[in-house]
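As you go down the protein sequences, you meet chains A and B in turn.
Mapping the first sequence onto numbering that gives the first Met the number 0, position 155 (from 1) lands on 154, and the numbers just tick up by one.
Mapping the second sequence onto numbering that gives the first Met the number 0, position 122 (from 1) lands on 121, and the numbers just tick up by one.
These are calculated hints, taken from the structure and not from any lab test.
One should not assume that every hint holds.
To be verified - Each computed BS3-like pair below joins lysine-lysine, with the alpha-carbon atoms no more than 25 angstroms apart:
no., chain 1, residue 1, chain 2, residue 2
1, B, K69, A, K165
2, B, K314, B, K69
3, A, K245, A, K276
4, B, K276, B, K249
5, A, K446, A, K388
6, B, K314, A, K39
7, B, K165, A, K314
8, A, K446, A, K69
9, B, K69, A, K314
10, B, K446, B, K388
11, A, K314, A, K276
12, B, K39, B, K69
13, B, K39, A, K165
Protein chains: 2
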Amino acid sequence: MTGSSDSDTKGFERLGHVNFSGQYDTDAVDNAELIERRNKYFAGSFLFFHNPVHLVRGEGVWLYDDQGRKYLDAYNNIPNVGHCHPRVVDAICAQARQLNTHTRYLHENIINLAERIAGTTPQGLDVSLFACSGTEACELSLRLARQVTGNSGIIVMESSYHGNSKLVGEMSTITYAPDARPTWIATVEPPNAYQGPFRDGDGDLSCRYADLVDDAISQLQDSGHGVAAFVCDAIFDSQGTLEAPKDYFKLVYEKVRAAGGLCIADEVQAGFGRTGKYWGFEHYDVVPDILFAGKPMGNGHPTSLVTTRRDIADKWAENDAYFNTFGGNPVSAAAADAMMAVMEDENLVENCAEVGSYLRARLEALADRHTIIGNVRGRGLFQGIELVKDRESREPAPEVAARIPDRMKDEGVLIGLTGRYGNVLKFRFSLVATRENVDTLFAALDKVIRDAPRTMS
Amino acid sequence: MTGSSDSDTKGFERLGHVNFSGQYDTDAVDNAELIERRNKYFAGSFLFFHNPVHLVRGEGVWLYDDQGRKYLDAYNNIPNVGHCHPRVVDAICAQARQLNTHTRYLHENIINLAERIAGTTPQGLDVSLFACSGTEACELSLRLARQVTGNSGIIVMESSYHGNSKLVGEMSTITYAPDARPTWIATVEPPNAYQGPFRDGDGDLSCRYADLVDDAISQLQDSGHGVAAFVCDAIFDSQGTLEAPKDYFKLVYEKVRAAGGLCIADEVQAGFGRTGKYWGFEHYDVVPDILFAGKPMGNGHPTSLVTTRRDIADKWAENDAYFNTFGGNPVSAAAADAMMAVMEDENLVENCAEVGSYLRARLEALADRHTIIGNVRGRGLFQGIELVKDRESREPAPEVAARIPDRMKDEGVLIGLTGRYGNVLKFRFSLVATRENVDTLFAALDKVIRDAPRTMS
Chain A
0 MTGSSDSDTK GFERLGHVNF SGQYDTDAVD NAELIERRNK YFAGSFLFFH NPVHLVRGEG
60 VWLYDDQGRK YLDAYNNIPN VGHCHPRVVD AICAQARQLN THTRYLHENI INLAERIAGT
120 TPQGLDVSLF ACSGTEACEL SLRLARQVTG NSGIIVMESS YHGNSKLVGE MSTITYAPDA
180 RPTWIATVEP PNAYQGPFRD GDGDLSCRYA DLVDDAISQL QDSGHGVAAF VCDAIFDSQG
240 TLEAPKDYFK LVYEKVRAAG GLCIADEVQA GFGRTGKYWG FEHYDVVPDI LFAGKPMGNG
300 HPTSLVTTRR DIADKWAEND AYFNTFGGNP VSAAAADAMM AVMEDENLVE NCAEVGSYLR
360 ARLEALADRH TIIGNVRGRG LFQGIELVKD RESREPAPEV AARIPDRMKD EGVLIGLTGR
420 YGNVLKFRFS LVATRENVDT LFAALDKVIR DAPRTMS
Chain B
0 MTGSSDSDTK GFERLGHVNF SGQYDTDAVD NAELIERRNK YFAGSFLFFH NPVHLVRGEG
60 VWLYDDQGRK YLDAYNNIPN VGHCHPRVVD AICAQARQLN THTRYLHENI INLAERIAGT
120 TPQGLDVSLF ACSGTEACEL SLRLARQVTG NSGIIVMESS YHGNSKLVGE MSTITYAPDA
180 RPTWIATVEP PNAYQGPFRD GDGDLSCRYA DLVDDAISQL QDSGHGVAAF VCDAIFDSQG
240 TLEAPKDYFK LVYEKVRAAG GLCIADEVQA GFGRTGKYWG FEHYDVVPDI LFAGKPMGNG
300 HPTSLVTTRR DIADKWAEND AYFNTFGGNP VSAAAADAMM AVMEDENLVE NCAEVGSYLR
360 ARLEALADRH TIIGNVRGRG LFQGIELVKD RESREPAPEV AARIPDRMKD EGVLIGLTGR
420 YGNVLKFRFS LVATRENVDT LFAALDKVIR DAPRTMS
């Protein structure tokens, strides 16, 4: 199994070569006995790589396996301030030793955290609710939006991924067949200027892509659902790490609001600095009505959030309330607060923007060397390169792409694969990454791509 | 606001006197400034008690507030082996300092944990999947059941509570009006021999209550949903902590399986020893097809599980897979493994059964003294007493019950309130509780009930 997109949890057809029951060729893997024990007692998720890696230690951008081999982590976005950052670990330990309860007793940690979050968001977006996972936070965002608007329809991108509950799974259009979509979902084509219906040279791409939202709105209004929300990940992870045209979100937000809907930013991937700004939506000069985030929030500790305006929270609270057993508990709040404090004290958003620019320059230099790279894009320390069989036709090269994460692992660098055509190599670094780390990625990629066959026979 | 049931997160009408916006009388509370800050930046869940308690430390069965006041915790079921148990905290700290990733890399912790879980369940029930919360585990259980059976209908108890996502919220029939129920839900009356339609003396209660499932099955078959699963919490927390008649589950399981459905045990409340057996269903000599659990699993660390049979997991995996970013990560697995190791090494299931018997005896002695106590029931360290205006009529006394958690807090004991009539005082102790702790509860309850007015004017 190769490194793969977060969105591959259900999208079975996109994973034809994956054996989920984990029947690896035991002669060809390093940890056959461990894999066998795992297959006996565990089910659900598959392992990355044809020869799965057995990790035992992490520090900063580095991971170490049971053989002492060292890997540059250019894939995992959860250890936001680096694996096992001592300040985050210390905060977790100190609070776990002191008290861990829930939000029905007064505790300062959750208040301090909520206040700190309000300090990172645009003015007015300063009321937070807490849950455990991105999925739970997405569920809660929709609950607010539906309650407050009185509508039930949701607009998402084609090939979106937002999480894995029933509701959020149905919003994750990359994970199942289009004919199974419920009527409360309307999709729009993601603003992909490289592979989408409108490309560079096709006029004002902001307008052309934003206008597609009109159809989605009409569809939801005609079916009686109305528009509760437009939900979008500003880094378009599952669509292959896109940069939307400059005014795209502004125009879309206007249309959605005019239709009575709320604009929800899924910041699970883009949030907490990864794109070189604190929140992904900041690149587009818009302010969502609700944002939700998760993965990097606790640097690995399970925690997530929903942040909204007071008027929305109050209107929602007239008829609803939300209690999550673990959400916002003193330990989770301590973990998130420490992670955010490290981001601030170590100037990590700035570092991300700076090293991210360098990453972009290196990836572009790589594209100069290898014609299989059709497009370089992304922001900050979340970027991707799209592999194509031919630069003219832009025909995706997923067969080649699928082999590269395995080969990169052998070179000591962990990367991922994403996009609706499975042909985008995805690079996500911790915010502490350096130019030197980027150079290591560059050297390994250069070697692996040079050795890769252009097509699979 | 009084101590209240876990099921009160959405059940608005049951909480008429609660002001969710938290506009407490600032002259009458101890922490007005903190509450004000909380209300500014946080939304979602309300605080327990009219004068909310500001907790700062926990140890074993004890909690301490900012004034140094000490409370016996007879409410919280999450700190299963006692607040801040050093072995669990040490396991979390050691692993958090070493590595925290996810289940797509090999790691021994999750395998060790899954193997340990298999050692506690009936033979055959030995394949586990991991998530973060009880809600996520319930979602995943249904996903397995629906996929494997090909049916979509779910049978739950009236006044059930299973969690807070859209799907699981709809299964939580105590949280919203009956006329809003989707057609894939069918409910049955819980086997309440004290307040239900069939009571002691009405013949074979196992049969009479189990036969109600026939209607639910027919309803789901007639609507075309078929029966995917019967989902039940064996301690009936939200229904007021019931003991089902001896053969109830056996008979129900037979009916559900004959209709092509699976039997799912919601062990979020009853699991991990709380009822004096490792799993709640063991009291009824049945083996479910799927169990899910959460709250006490990590002694406060956010983690949950689904455990099922290999044949079910394999059949499900033919068409689906599940990845949860945080579920089963090395730190969560270390927390759960340590909690379970403590249970074993300190013989806590046995302690729970033993101290639970003593708790029962003391509650019965209390009922001898106070005629307002109509019924004593529950198992192990999860028991309840039902307050009634009159023992003959059994008319619930929710107005009195609602005042008792506040008064008990003033006496230094934290308890809860539950049940569809809001008149059941709920006692849940950590498995490390002692007879002396039970005596403390008894003395406080005796005093508070003695002073309570029989009716509210």
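Q.
For a C-alpha distance cap of 25 angstroms, please report whether K314 of chain B and K69 of chain B respect it.
A. Distance ~52 angstroms between K314 of chain B and K69 of chain B Cα, so the pair is violated.
Q: Verify the proposed pairing of K39 of chain B with K165 of chain A, using a straight-line Cα cut of 25 angstroms.
A: With a Cα-Cα distance of about 32 angstroms, the restraint between K39 of chain B and K165 of chain A is violated, given a limit of 25 angstroms.
Q) Hey, K69 of chain B versus K165 of chain A, does the alpha-carbon distance stay inside 25 angstroms? A) Since the Cα atoms of K69 of chain B and K165 of chain A sit roughly 43 angstroms apart, the hinted pair is violated (cutoff 25 angstroms).
(Q) Please verify whether K245 of chain A and K276 of chain A have alpha carbons no more than 25 angstroms apart. (A) holds (15 angstroms)
Q.
Against the 25 angstroms threshold, does the CA-CA distance of K314 of chain B and K39 of chain A hold or violate the hint?
A. holds (15 angstroms)
Q. Under the criterion that the straight-line Cα-Cα distance not exceed 25 angstroms, is the pair K276 of chain B, K249 of chain B satisfied?
A. Holds, at roughly 18 angstroms.
Q.
Check whether the Cα positions of K446 of chain A and K388 of chain A lie no farther apart than 25 angstroms.
A. It holds: about 18 angstroms lies between the C-alpha atoms, which stays within 25 angstroms.
Q: Assess, step by step, whether the Cα of K446 of chain A is no farther than 25 angstroms from the Cα of K69 of chain A, and give holds or violated.
A: With a Cα-Cα distance of about 18 angstroms, the restraint between K446 of chain A and K69 of chain A holds, given a limit of 25 angstroms.
Q) Is the straight-line distance between the alpha-carbon of K314 of chain A and that of K276 of chain A 25 angstroms or less? A) violated (30 angstroms)
(Q) Run the distance test for K446 of chain B versus K388 of chain B: straight-line Cα separation, threshold 25 angstroms. (A) With Cα atoms ~18 angstroms apart, K446 of chain B and K388 of chain B stay inside 25 angstroms; holds.
Q | Hint consistency between K39 of chain B and K69 of chain B [alpha-carbon to alpha-carbon, up to 25 angstroms] | A | Status violated; Cα separation ~29 angstroms.
**Q.** Hinted pair K69 of chain B and K314 of chain A, Cα distance within 25 angstroms
**A.** The given pair, whose Cα atoms are some 37 angstroms apart, is violated under the 25 angstroms limit.
Violated hints for the displayed structure, listed by number in ascending order: 1, 2, 9, 11, 12, 13.
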